[in-house]
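4 protein chains.
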Amino acid sequence: MLCFTSDYIAGAHPKIMERLMETNLENLSGYGTDPYCERAIGKIKDACGCPDADVYFAVGGTQTNQLIISTMLAPYEGVIAAKTGHVSLHEAGAIEYTGHKVLELPGENGKLSAAAIDAYVRAYYADENYEHMVFPGMVYISFPTEYGTIYSKQELTEISAVCKNYKMPLFVDGARLGYGLASKANDVTLEELAQLCDVFYIGGTKVGALCGEAIVFTKKNAPMHFLTQIKQHGALLAKGRLLGIQFDTLFTDHLYEEIGAHAITLAEKLKRLFHEKGYRFFIDSPTNQQFIILENERMKQLSEKVAFGFWENYDADHTVVRFATSWSTTEEDIEALSELL
Amino acid sequence: MLCFTSDYIAGAHPKIMERLMETNLENLSGYGTDPYCERAIGKIKDACGCPDADVYFAVGGTQTNQLIISTMLAPYEGVIAAKTGHVSLHEAGAIEYTGHKVLELPGENGKLSAAAIDAYVRAYYADENYEHMVFPGMVYISFPTEYGTIYSKQELTEISAVCKNYKMPLFVDGARLGYGLASKANDVTLEELAQLCDVFYIGGTKVGALCGEAIVFTKKNAPMHFLTQIKQHGALLAKGRLLGIQFDTLFTDHLYEEIGAHAITLAEKLKRLFHEKGYRFFIDSPTNQQFIILENERMKQLSEKVAFGFWENYDADHTVVRFATSWSTTEEDIEALSELL
Amino acid sequence: MLCFTSDYIAGAHPKIMERLMETNLENLSGYGTDPYCERAIGKIKDACGCPDADVYFAVGGTQTNQLIISTMLAPYEGVIAAKTGHVSLHEAGAIEYTGHKVLELPGENGKLSAAAIDAYVRAYYADENYEHMVFPGMVYISFPTEYGTIYSKQELTEISAVCKNYKMPLFVDGARLGYGLASKANDVTLEELAQLCDVFYIGGTKVGALCGEAIVFTKKNAPMHFLTQIKQHGALLAKGRLLGIQFDTLFTDHLYEEIGAHAITLAEKLKRLFHEKGYRFFIDSPTNQQFIILENERMKQLSEKVAFGFWENYDADHTVVRFATSWSTTEEDIEALSELL
Amino acid sequence: MLCFTSDYIAGAHPKIMERLMETNLENLSGYGTDPYCERAIGKIKDACGCPDADVYFAVGGTQTNQLIISTMLAPYEGVIAAKTGHVSLHEAGAIEYTGHKVLELPGENGKLSAAAIDAYVRAYYADENYEHMVFPGMVYISFPTEYGTIYSKQELTEISAVCKNYKMPLFVDGARLGYGLASKANDVTLEELAQLCDVFYIGGTKVGALCGEAIVFTKKNAPMHFLTQIKQHGALLAKGRLLGIQFDTLFTDHLYEEIGAHAITLAEKLKRLFHEKGYRFFIDSPTNQQFIILENERMKQLSEKVAFGFWENYDADHTVVRFATSWSTTEEDIEALSELL
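So the protein lines, in turn, are chains A, B, C and D. For the first sequence, the residue numbers in the numbering used here are 367 to 707. For the second sequence, the residue numbers in the numbering used here are 367 to 707. For the third sequence, the residue numbers in the numbering used here are 367 to 707. For the fourth sequence, the residue numbers in the numbering used here are 367 to 707.
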């Protein structure tokens, strides 16, 4: 059966699997001290244009968000995020579990605006009772967002300026970063993104790896004893090579970019397909996730031949569904879908 | 100077001070095991019509909210509250500090509706990904609310039914309970309130005590080893008598009711005063807190002769201020205010 | 019945009760912003010879330990304490509740030695895997200890030096500080103690107050936004005056010293009494807590006429019990005890 | 260079790599809902003789310990463990991070005795102040221990009985379970172990997998909504297949047993080698970790040609080192070591 459910339905990109096989019998030291981790870190710093960055690896997205947010916030601080942000909604309270409030702002199409952040923080400090409230200590945005949308360079620059103004670090969740950077609508480079924020991560799990996210503290600003804090969170792999080898491969010969580009090309085709067939879109997404409004009867029919993600109810008769592409989506998949539609 | 800033500007009701003096030299056992605590607990159970209730004392409101919510929720649960609820806004993240999310719903005039709670929880369980989200595990309402408003018996009954339906305990923050019960608009008795919820507290700090809140688990449903959990939170007083004697006094000869009635009578007079002088109200509060919209210039003038609480900006030229009455407010205070206005 | 159970069996010192009465009707601002708090802070700074200290009030001992330790430690740090320390044993895990390990060292007679601390920390940093372990981030000692013993100036100086060497703040739990300072065996002044440590607290609850502990960050080194962190812990009193007035009184006309001296004088008499009658001591305590080994039959007899604290089993036939004096113990109590023995 | 540093120096067992390759392009659902996870769970239940067990996968050992302990303990409970236990010493405070104390008992050769546990818990409940202390809520042992030693069936049966008596679940950390079961000195089967404890895990990372531990709640006793709690801890993999496929392979055709047997056979040879050459052992370990006392000069020489783990200083002139075998150790490695010695 055709499958567009998500971008984590297949294993790893074949080049990654190959490297894991080739290196399998090498004796390497543990906990991220092996040469593959080191090499991957070097390549990531180069790709980001951040020679001074601190780079670490974690296993999954929620873990990474939890690690970064809980170690960068002071105990009395919370993190500003869109109400629809992954940390607000879909991480089972992982941030609150570490003692911090997610300060939820409305957002639009999954995005926060510099103006909204500024208004919130200004009002906070203007409040006579601000010392009885949670300090806004960080801003979290996702690129692309949970709705597939992306921020323009202009928007990021404005948000970055507000953050600087209030001395709040800006954190970009890049679980799907590769698809954002490859989007036709995107005008930000990886280097620029790294410049504009204080910490971000390069998603591996959803962009071709078996697992793994690369955390980049762009300004040599990793929290003190970050390795120990990773361990304390239960997030340190004994066989750190598993992450090092994957990211070393992703950042060799532009594989990460290639994966992003491939998925975007097919997503564009898929989008055109739906357009041509007269389907309605829930949101205009320029990345690898496409949100379509299906009439419920039609949804049932389709679901017999193609798998996709249920997103949310639209109204009594319609449902929003998600079609996602990834490195493993093929031209044949798109053609087959075309015939189905 | 005249002072209407809050309901905690004076010490304790004279009868409480008297009893503290009379008992001062008695040798009593510690940590709440003294006869005054025991007696106070008995009287509270009687007043609530809950012979099976578990009653404990804590020192202040935020501490009490933190204790109740964190010990009654499972680790994967959050508490539903109005966006304007004390636990949402004005406790410096004390709930999140214990690892739990406050699930904020809009609310109206500080109140949650049964319909809004029901819709939220129903949508939660209808979501395919609900296991990746925070379970709604409890409902928090305040009576009166942070805006001075109160719930009718009908409203409480409906909320209680929704809670029962989803097996979520209903928790009523009664930091100002005495003023809610005494309100002319109120149609709920203490006994009925106790019947309708699973846990609530009887505020002492803001209703005549030096400090202290009495927690009532209405259905013999105190969390396991609650005393140890109080200790673990740093909330157990060595001289537990300080709370026992105060509540014993408050629940002797209807002192608690008397204090509530006194403050409400004066609040009604104060309200009439502002009405007569043509002031605008921000909200129609039937309890001891009155929220007035003042023109900024007028606010400045007034503040030279009478102290009140700054609440929030209304617009560029107006500010919302709070006038509160309490056991210590006198008829003379109201008269003096009348002259000022 | 005679009562030597603990030093928190009575209410507050009469001078404190008097001041609470006198000030009861004054309208004061909340949350520790009133003039009594301010005045108390000034007097405490003077008494400690620390014009730059940051001083805050909390309600009880466990709360204070929890507040200080959790706000001064980095997330990856634990606190070194004697196995018999209050934070190790008798606070229901209040420190661990905030996410930090208590690193327990053996100790002797309730005391830690500089050598033991140094050896522990040196071994820690010498361990190849120290990054996988809890960093020693603070040293906790109590003065007097839970066994009534005290540190000499020499011992404190050595511990202080070790702490400085490893950049670990030294925290002195002074729940019973007044009795330690007044001890005939003591050679440390309050000023010297303040010099030697980074933070300590002046116990009120067990030294004449209804409740309250005064936290002194001796080097203007209070954790950032400490007031907000007090609130977040549920430890901020609305009627902060309750603590301010008590400490203002304790630090007026040397009342705090007087209370300490009174209790020590009577403890010395009590000690002599037991000595003369041939009782054995469990430990040679120079402060207000005396630990006696009683034959079990004798214990039963005595307990019919005098109340004391059960401490621990000594052997099959003997039990260790505690007799404590305080401000409320009288010469008559000692005489009555003498007759009993 | 020869390498005996640890049992996680190589990648995964070739059969695991093969299966990961074969299944790489299959489209599978996420978060552990795929058929490989399901199949692995079935095989594990069979192998444990626990048809009713609840089985879940996590990524690494510290994460697994943290997950199990924090979700099975009540908030006021701590976990009993040997002072040398992994959770006590080498997890950077991961247990305390979740709010729980590790109640450390001395232990012998890494092992706890039933008598020591019983004595501790009995003394706890006999203490008048037990409600001010941390409740012993669970017992943690490792099999094999951190020193390579194992418990006999008799010892486990006794510990299990004590746990039942006090209603404390027994948790067995099986990070190296495969090596314990394969030990010549072992008299416990996997089925018996499962019977005797309430929860344990089957270590993958150190027994042939790239990563992964299989948690077995032996009596259908998984904590409520355990999946959500895994997510909340940041421990839920999007590509759950990575764990499912590995454990499916390990539990096909007795691969897990085979790996254990292989490593033990070579460990025995290695042990004999050191014995014959007159080396001293720090501890008599019957599993894959061997602890040798080396004269420091000799250690330096050896370390030029063979890698091993530094364990701890023995005395001024000697050091304890660790040699470990695993699935990837070969007969040739042992022969080469023989020549070196």
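FYI, nobody ran anything at the bench for these hints, they're computed from the structure. Warning: the hint list may mix true and false statements.
Intra- or inter-copy, both count: the list cannot distinguish identical chains.
[Stated by the list, open to error] Calculated cross-link-like contacts (lysine-lysine; reagent style DSSO-like; alpha-carbon spacing at most 27 Å): (1) K449 <-> K586; (2) K533 <-> K586; (3) K411 <-> K671; (4) K550 <-> K519; (5) K585 <-> K533; (6) K666 <-> K643; (7) K643 <-> K411; (8) K519 <-> K586; (9) K449 <-> K381; (10) K585 <-> K643; (11) K409 <-> K381; (12) K635 <-> K409.
Original post:
How would you label the pair K585, K533 (within, between, both, or neither) given a Cα cut-off of 27 Å?
Top reply: both (14 Å within a copy, 26 Å between copies)
Original post:
At most 27 Å between C-alpha atoms: does K411 with K671 qualify within a copy, between copies, both, or neither?
Top reply: neither (44 Å within a copy, 34 Å between copies)
Original post:
Between K635 and K409, at a C-alpha cutoff of 27 Å, which is it: within one copy, between copies, both, or neither?
Top reply: neither (32 Å within a copy, 43 Å between copies)
Subject >> Intra- versus inter-subunit Cα pairing at 27 Å for K409 with K381 >> reply: Within one copy, since 17 Å is at most 27 Å while 31 Å is not.
Original post:
Between copies, within a copy, both or neither: which fits K550 and K519 at Cα up to 27 Å?
Top reply: within (14 Å within a copy, 58 Å between copies)
Original post:
When no copy is specified for K585 and K643, does a C-alpha distance of 27 Å or less occur within a copy, between copies, both, or neither?
Top reply: neither (48 Å within a copy, 54 Å between copies)
**OP:** Evaluate K643 and K411 at a C-alpha cut-off of 27 Å and name the case that applies: within, between, both or neither.
**Re:** Intra 44 Å, inter 49 Å, cutoff 27 Å: neither.
**OP:** Could you figure out if K449 and K586 sit no more than 27 Å apart (CA to CA) within one copy, between two copies, both or neither?
**Re:** For K449 and K586, the Cα distance exceeds 27 Å both inside one copy (30 Å) and across copies (37 Å).
**OP:** Up to 27 Å between alpha-carbons, please classify K519 paired with K586: within, between, both or neither.
**Re:** Answer is within: at 23 Å inside a copy they meet the 27 Å cutoff, but 43 Å across does not.
Original post:
Can you tell me if K449 and K381 fall within 27 Å by alpha carbon in one copy, between copies, both or neither?
Top reply: Answer is neither: 37 Å inside a copy and 45 Å across each miss the 27 Å cutoff.
Original post:
With identical chains treated as interchangeable, where does the CA-CA distance between K666 and K643 reach 27 Å or less: within a copy, between copies, both, or neither?
Top reply: Classified as within; 17 Å inside a copy, 65 Å across copies.
**OP:** Could you place K533 and K586 in one of the four classes (within, between, both, neither) given a Cα distance threshold of 27 Å?
**Re:** For K533 and K586, both the intra-copy (16 Å) and inter-copy (23 Å) Cα distances are at most 27 Å.
Checked against the numbered hints given earlier, the structure breaks hints 1, 3, 7, 9, 10, 12 and satisfies all the rest.
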